[in-house]
Each structure stands twice: as structure tokens, then as C-alpha cells.
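Residue numbers (the working numbering), protein chains in the order written: chain A, 8 to 195; chain B, 164 to 445; chain C, 10 to 447.
None of these hints come from the bench; they were simulated from the model. Where hints are given, some of them may not hold.
To be verified - In silico EDC-like cross-links for lysine to aspartate or glutamate, where the CA-CA straight-line distance does not exceed 20 Å:
(1) A:Lys80 with A:Glu124
(2) C:Lys16 with B:Asp438
(3) A:Lys193 with B:Glu201
(4) B:Lys409 with A:Asp59
(5) B:Lys406 with A:Asp59
(6) B:Lys209 with B:Asp389
(7) B:Lys263 with A:Asp105
(8) A:Lys123 with A:Asp29
(9) A:Lys177 with A:Glu189
(10) B:Lys411 with B:Asp275
(11) C:Lys171 with C:Asp198
(12) B:Lys439 with A:Asp59
(13) A:Lys96 with A:Glu67
(14) B:Lys439 with C:Glu243
(15) B:Lys406 with B:Glu201
(16) B:Lys409 with B:Asp216
(17) B:Lys221 with B:Asp438
(18) A:Lys123 with A:Asp59
(19) A:Lys96 with A:Asp29
(20) B:Lys411 with B:Asp216
(21) A:Lys96 with A:Glu145
(22) A:Lys177 with A:Asp59
(23) A:Lys193 with B:Asp290
(24) B:Lys263 with A:Asp29
(25) B:Lys263 with A:Glu67
(26) B:Lys294 with B:Glu280
(27) B:Lys350 with B:Glu202
(28) B:Lys344 with B:Glu203
(29) B:Lys406 with B:Asp323
(30) B:Lys206 with B:Glu345
(31) B:Lys440 with C:Asp198
(32) B:Lys294 with B:Asp313
(33) A:Lys149 with A:Glu180
(34) A:Lys80 with A:Glu147
(35) B:Lys350 with B:Glu201
(36) A:Lys193 with B:Glu261
(37) A:Lys80 with B:Asp389
(38) B:Lys385 with B:Glu375
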Amino acid sequence: MAEEAITESPDTVAGDGVRRRDFINIAAVSAAGVAGVAVLVPLISQMAPSADVLAASSTEVDISAIQPGQAIKAVFRNQPVFVRNLTPKEIAAANAVDISSLRDPQTLEERTLAGKENWLITMGVCTHLGCVPLGAGEGENKGEFGGYFCPCHGSAYDTAARIRKGPAPKNLEVPEYAFTSETVVKIG
Amino acid sequence: MARIISILVGLFFTVALLWSFGNGAYLAITEPAPATAEEEFHKHPKDVSFASDGPFGKFDRQQLQRGFQVYKEVCSACHSLRLVAFRDLQALGYSEPEVKAIAAGFQVPGIDPVTGEDALRPGMPTDYFPKPFANDVAARAANNNAIPPDLSLMTKARHDGSRYVYSLLTGYQAQPAELLKEFPDAKTPAGLHYNPYFANLNLAMAPPLSGEGQVSYEDGTKPTVDQMAKDIAAFLTWTAEPKLEKRKQTGWPVIGFLLFATVLGYMSYRTIWADKKKKKKV
Amino acid sequence: MSFPWAKHYTPTHPFMQWMDEKLPLPRLVYNSVGSGYPVPRNLNYFWNFGFLAMACLMLQIVTGIVLAMHYAANQAVAFTSVEHIMRDVNWGWMLRYAHANGASAFFVVIYIHIFRGLFYGSYKAPREMVWLLGVVIFLLMMATAFMGYVLPWGQMSFWGAKVITGLFGAFPVVGEGIQQWLLGGFAPDNAALNRFFSLHYLLPFVIVGVVVLHIWALHIPGSNNPTGVEVKSESDTVPFFPYYIAKDGWFIGAAALVYCVFVFFMPNALGHPDNYIPANSMSTPALIVPEWYFWPFYAILRAFTSDFFIIPAKLMGVLAMFSAILVWFFLPWLDRSPVRSSAYRPLYRKFFWFGLIPAVLLLGYCGGAHAAEPYLMLSQIGAFYYFAHFLIILPIVSAIERPDPLPFSITEAVLGSDDNALLGTAEGSPHDTPAPAA
Numbered sequence: 008m009a010e011e012a013i014t015e016s017p018d019t020v021a022g023d024g025v026r027r028r029d030f031i032n033i034a035a036v037s038a039a040g041v042a043g044v045a046v047l048v049p050l051i052s053q054m055a056p057s058a059d060v061l062a063a064s065s066t067e068v069d070i071s072a073i074q075p076g077q078a079i080k081a082v083f084r085n086q087p088v089f090v091r092n093l094t095p096k097e098i099a100a101a102n103a104v105d106i107s108s109l110r111d112p113q114t115l116e117e118r119t120l121a122g123k124e125n126w127l128i129t130m131g132v133c134t135h136l137g138c139v140p141l142g143a144g145e146g147e148n149k150g151e152f153g154g155y156f157c158p159c160h161g162s163a164y165d166t167a168a169r170i171r172k173g174p175a176p177k178n179l180e181v182p183e184y185a186f187t188s189e190t191v192v193k194i195g
Numbered sequence: 164m165a166r167i168i169s170i171l172v173g174l175f176f177t178v179a180l181l182w183s184f185g186n187g188a189y190l191a192i193t194e195p196a197p198a199t200a201e202e203e204f205h206k207h208p209k210d211v212s213f214a215s216d217g218p219f220g221k222f223d224r225q226q227l228q229r230g231f232q233v234y235k236e237v238c239s240a241c242h243s244l245r246l247v248a249f250r251d252l253q254a255l256g257y258s259e260p261e262v263k264a265i266a267a268g269f270q271v272p273g274i275d276p277v278t279g280e281d282a283l284r285p286g287m288p289t290d291y292f293p294k295p296f297a298n299d300v301a302a303r304a305a306n307n308n309a310i311p312p313d314l315s316l317m318t319k320a321r322h323d324g325s326r327y328v329y330s331l332l333t334g335y336q337a338q339p340a341e342l343l344k345e346f347p348d349a350k351t352p353a354g355l356h357y358n359p360y361f362a363n364l365n366l367a368m369a370p371p372l373s374g375e376g377q378v379s380y381e382d383g384t385k386p387t388v389d390q391m392a393k394d395i396a397a398f399l400t401w402t403a404e405p406k407l408e409k410r411k412q413t414g415w416p417v418i419g420f421l422l423f424a425t426v427l428g429y430m431s432y433r434t435i436w437a438d439k440k441k442k443k444k445v
Numbered sequence: 010m011s012f013p014w015a016k017h018y019t020p021t022h023p024f025m026q027w028m029d030e031k032l033p034l035p036r037l038v039y040n041s042v043g044s045g046y047p048v049p050r051n052l053n054y055f056w057n058f059g060f061l062a063m064a065c066l067m068l069q070i071v072t073g074i075v076l077a078m079h080y081a082a083n084q085a086v087a088f089t090s091v092e093h094i095m096r097d098v099n100w101g102w103m104l105r106y107a108h109a110n111g112a113s114a115f116f117v118v119i120y121i122h123i124f125r126g127l128f129y130g131s132y133k134a135p136r137e138m139v140w141l142l143g144v145v146i147f148l149l150m151m152a153t154a155f156m157g158y159v160l161p162w163g164q165m166s167f168w169g170a171k172v173i174t175g176l177f178g179a180f181p182v183v184g185e186g187i188q189q190w191l192l193g194g195f196a197p198d199n200a201a202l203n204r205f206f207s208l209h210y211l212l213p214f215v216i217v218g219v220v221v222l223h224i225w226a227l228h229i230p231g232s233n234n235p236t237g238v239e240v241k242s243e244s245d246t247v248p249f250f251p252y253y254i255a256k257d258g259w260f261i262g263a264a265a266l267v268y269c270v271f272v273f274f275m276p277n278a279l280g281h282p283d284n285y286i287p288a289n290s291m292s293t294p295a296l297i298v299p300e301w302y303f304w305p306f307y308a309i310l311r312a313f314t315s316d317f318f319i320i321p322a323k324l325m326g327v328l329a330m331f332s333a334i335l336v337w338f339f340l341p342w343l344d345r346s347p348v349r350s351s352a353y354r355p356l357y358r359k360f361f362w363f364g365l366i367p368a369v370l371l372l373g374y375c376g377g378a379h380a381a382e383p384y385l386m387l388s389q390i391g392a393f394y395y396f397a398h399f400l401i402i403l404p405i406v407s408a409i410e411r412p413d414p415l416p417f418s419i420t421e422a423v424l425g426s427d428d429n430a431l432l433g434t435a436e437g438s439p440h441d442t443p444a445p446a447a
């Protein structure tokens, strides 16, 4: 645009004059461009999670009432989290699996905290397309591997919430969490 | 023809206005509006300055913390702060664990996890300041039929708000004798309190800051009534516009860049127009 | 349209040639705001405000769209959702202040734009349609601004909605029905808030449409200029690009500076504190006033304090307020003077500067004050002159006035002489001959 401005101007003279004019016009148009880009920053970032949403992105769960073999659904980032107290049998079943045969190879140990191997804490979000798998609630279908079963497209997870069958590509995600006391888990 | 219609329409409006003007002038002469106590005795806020004033203003975080303490220990008994969450207090310089402890010190409405009945639980950083009264009826009943307003936006909801809050809190006084002499009917009704900074001079709130040492500041500042009023006014300036500091800080680079770009644009404009701006040949 | 000497769009790049055949959008741009649009060379800075108004409209639409991503049009949460924008949304405070002050900026610009049109006679033939469409845009802007002010659902929002819809209640027989229909209830509530939000989102795009027509109509005769003398030869014009792009460009920067001072350093200066109090249908604020840009019209509304024969004062006020704008529709036919620019109209100029401008400023001042004396009497004086000016003085003055001699051409006005005119290339236009009528 700026160059065109110069050629449009009938009084263009050769030499330094041209270069100086050129420079000013290019600089002015560039400044307008920078301003335009700067304006985009707030317009784009306003769509990112707001402060109240970010502040609610950690949650504390009281696990004292969960008996072995039971699980609860907690809310974390407006999504379900499964907190499951594994029975020794379930732990044994999970450890008996040949890791190399898994689609997303992980041991139960890698998916739990040291010394707390019976506490399996995973997102309740199927890694296929985001449905909530069954199996956390009392009497729900746990699928053929005794873990979780996603009714949307038939993904089945085992007792370590690893994907064993169906279209899901990954194991159920383990969120970041820590035990703040014997009975309280802080997720996120 | 168009002209005649136009003039007739014009006469319709202008004569109607003259008629209104005449009536108004006649009334103004025969029945001048009586002077009111509000007009003569209402005062504009006192001239007091805050760290957040002016284009370079920043919050004095120490003062905000003191103001928060005044709110917590004095105001919160009656006034809600419903738009402010405990997590926001980090902006006053409190650390995350401190905010957590502050939040836990408040009881917020929740449910009993076993029975599901309404119950109170300790606050969390994501909770908002709890309301002192369950609803307006309860608020009226407890406060001599006046609802204590929410304070979150108070300094933006009044003209010259920060100064207004300070002036109101330090402005309680006995009703002046001249006022009673001039307007015997304007005696402050029982249960109300005279304050020349309040729009109609009499407000339901009893002087909330009653004397020195009502709160004890951790930072050693002397808790005079004047100091506490200033601190709470500063705190409420923050609650009304927590982004005030960021706004001013963003403003300067924006203005600076625009100045630069405008000067460049002007130079470019002059260059482009150079050949068209010849002097008049006369 | 174009003047015969306008440059023609000749794409050289094969892609642009291909594009020109399929969708001649670049050609349209070239001919409307590019090198192909010759513009009088003598435009002063008042002519920058049209471009600026377009920038304001874009600013309002862009900030408005992003604010609508966070705003909730429900009576229970609208106020809190605005505060959520101010406190928690990333850059929300800036977007909201930009939108609120953007409305004021838009009206400042439009009022200067209208002032320019009035002073330089831009409403006269052959530009009547440009003017009429402009008045339509102004009316749409007023409706949009009013409904936007209701959205935060503060005290002023609520009572503004109640009072302005109450205007329609002034009409006999049907008034009350219209008011209830507008509100969808007996007082502003959820129904009103929701429809105001819907229309507040819709109307700006209607404005865009009318703006396109406004600019289209402008491009038929081309821009007016400070002399009011029509373009006669090529030396009277310069191409829009780069000349007026450069001028508009730097001026937008200057205007943005003023605007940013408001947004960043005094964002609430033009607002009203009461709108930071949530709407309360049980208690009216001590002083109900609209935003500053409605004050002159609000003063006219309140100026009618006495019943006039069989017409109640309330209806008179409403009629007068609407007429104050409707009269603009008839302006091209009320002002019959063949001279456009007031610079060459010594008598009319006096009425303009010492009558109309002070009257409008007085009305503006009174419109923002309490509805009490002396403001009512002052607004009666202001409104008296306002109606007298347009409906009585203007038709008479334009008939009896003897205008000053006009320059022969724009080039002569700028350079002192017009070489092209001497060469005889110019063509006169009947509008340019100063003819003392009557």
C-alpha cells in the first residue's frame, strides 16, 4: 500500500526524497498493523477460561466412606472423576495382565500413588469421544474386564481403568492429585 | 405551501412552549419552590486522597488488608459483599494458604452431605462472601426497617464514591441548631442518625466506627476512626473495581503507542499531501 | 458514479483479473474508497467524521459480539453477569469499558457529523437521500443505544426502560396497550430484557445495511465540500486513495487517543453511578436521566409542563420529542437557499451560531439536570428556539437572504485561481449560482 502511495504521488523525485517518503509511509502502515494485532489479543483471550473457572479447577474429596470395591464420582473441572477403592482381587487382576499386550501400556503402579495402590483415581471421561463410562455406580455394568464400560461406543476398561476393548485410544486419564490427609484427596 | 405548513407546525410547538413557559414563570413567582433542608445542609464528600487516585494510582495493599479487617470485624455484621470471592483476596497480598484460612473462618451456606438439608460449612477460596441476612425481610427486621446495601460496588454506585464512604463514616454529628431553627419539621426522626453527607441527611445506620481501637491492626497502624474510615473506603474502592490498577497500567502503553502511531500517520499524511498543499498564488 | 476523470480499475496480476471476472470486489473497493473515487480536494477535518463513525460502528459491533459471549440476558443474573465480565473474564473490564465508552464516542462523532451536514448544507440537493438515510441511521442508533443501556439491569437501566416505554403510553387510547406490548408486561422484567437484548444485537447490523445505502447514495453525487460549490474539473478533486485514506488514517489515531483516555483513565465519567445499583422495581433513583447523548431530546420532552388546549402536557412532550428528530426529514425542503455552505450565508450563519448551537447546548445542559426550575424554563427557551429555527426561521431566512459571492470553483477557492476554468474545461452547475430568491 505504501509503495503504491508513492507511485501515485506525481511529484515523486529521485534520490533521498523517495526513500524518506517510503520509510514514513511504510512505518505508518506498519504501526497501524501492530495496533490491529494488539487489539486482537484481548478479543481472543477473552474466550479462554475466566478467573472464576480457573479458581474452581481443583477439588477436594473425602474418601473415608468408600469401602473396598466401591467407587464414587466426584466433580473436577465440571467433569466426573472416579475415585475407586480397589479390592485385593481387583489389584491382582490388574497386575496379572501382560503389559505388552495393552494398547496403552501402563502398570497399575504407574497409575496410582506409592503406598496407595488401592486408590484408583481417574477422570470419568472416555478417551474415545468424552462420554462418561459406567462402572462407578452401584450395580452398573463394569464391562467384561471388570473396570468401566462406556455405553456410547462400547469401550471396555479393566480394573486399572486401562483400555482393553473398543475404540478408545488411551487409558482413562489419571489427573494430578495428592493425599492431603489419610481421608482427603486434593485433585488438580 | 410547504413553507406555510412548516410555519404553522412551528407555531404549534412554539406557542405550546410559550404557554408552558408562562405557566411555569407565573408559578415560580407566585409559589416559589420552598427551600429544603437537604438542599441547604447536604455536603459534598470531604477532600481526602487515596493511593489509587490519579492516572498512576496503585492500591496500597497494606491499607487494603486493614480495610478488609474493618469490613470483617465491623461492616460484615450487616453488609454483604456478594460480588467478591475469597480467592480475590490474593490481590490484597495474602498468600494462598492465608486466603484458605480466611475463607475457612467464614460459614457459608451449603448442604449437609448426609441428609441434604440446608447447613453451614466453612468457606473455600472459590466461595463468595456470605450474606449476613438470609433475605430482605430478615434484613429489614433486624435493622429498623432499612436494608443494609451490598457493599461490593458501593464506591462506584455513589458520586465520588471513595470519598463519600470516608465522609459518611466520619460525618456523623448532632443536628445543627440552624437547621432546626430554619426547618423545625426536619428534626431527625427517632431511630435515624443525622449525617450531612447522606443524600437526605438522616440515615438508619448508627455510626459504625464508634471509637479508636475498635479493631486492632496487625501492622501497628493506630486504629483511629479517621484511619479506619480511610482504610475501609480504600478496601471498598478495590472491591468495586479490582481491575483498577491493571486498567491504569494498561492505559499508559496504549496511549504511548497511539501517540507514536498518530505522529507517524500525520507525517505520512503530510508527505502524501505535500504536492497538493501549494500556497495560494493570489 | 464517477467523474469522467476517475481512474479505472485495471488489474494486472492474473489472480486479480480472475477475481475481477468472478467477483469484482476489489473493483468495488477501488471505486468506492480507492484511487477510483475522486473527492473534492478542499475537505476540512469535519469531513473525517464519516469515516470515524464507521470505525465507531465497527468498534461497537466487535466489542459487543465478544461481550455477548459472557452476558446473560436474564433478569436474575444480568447484573451479576456484567460484574463477572468486569472481574473474572480475561480483559473483560476493558471490553466492557470500551463498549460503554464506545457508545459515547459514536454519538460524539455522529453529532459532529450531523453538525457538519447542517452547517455546510450537505442535506441539500442532490444529496437529500444521503441525508434522509443518515437520519434513519441516527434513529436506529438511538434505539440501539437505549436498549443497550438497559442490559446491565442496574437502577438506571430499569427506570430508563420504564420511562422511555412510558412515552408511548402518552398516546390516547392505544398508548397503554403499546407500552405493555413493548415491555411484554406491566413493568420492565425478563420479557423486556430478553427482547431488548435480541434487538440490541440485531439493530447494529440493520445500521450496517443502512450505512451501505448511505455511502452508496453519497457516491452518486460525490462529497459536498466546505465551499458547497460542486466539483467542476479534475483539478478540483484528489483520489480517495491515498489522499483521504492518509488523512482519515492519522485522524483515527488522534480520535483513538481521546477515546483511550476515557476508557483507561475515566471510564465511568460519562456513566451514572446509579447504574451500579442492581435494578429495584420498588425504589426510583432521585434523578432519572438518560445517557448524555439523549439529554437535548430529554429536555424537550420535559419542557412541556402545561396542557395545551385539549392536548395533555405528557402527549405534547412526546410529540415534540419525536418531532424534534422528524423535522430533520423535511430539512432539504425547508431550506430552499440555493447556496449550500453557511460560510456564504451571512444571515443564516448568525442564526446557526447564535441560535441553534446555543439552544442545543442549553437543552443538553437542562436535560441532564433535575426537572425543576430554573432548568424547566431554560429548556422551554431552548426548545422554543429549536422549533422556531427549523420550522419558521429557516424557511423565511432562506427566502430573503442575499448570499455572499461564491468562488468559481474548488480549485479557485484553494489556489486562488483555476487554470482549468480559464482553459474553459469546466462545466457550470445550476446549483452553484448564488441566486437571491424572492
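Hint numbers contradicted by this structure | 3, 7, 8, 9, 10, 12, 13, 15, 17, 18, 19, 22, 24, 31, 37
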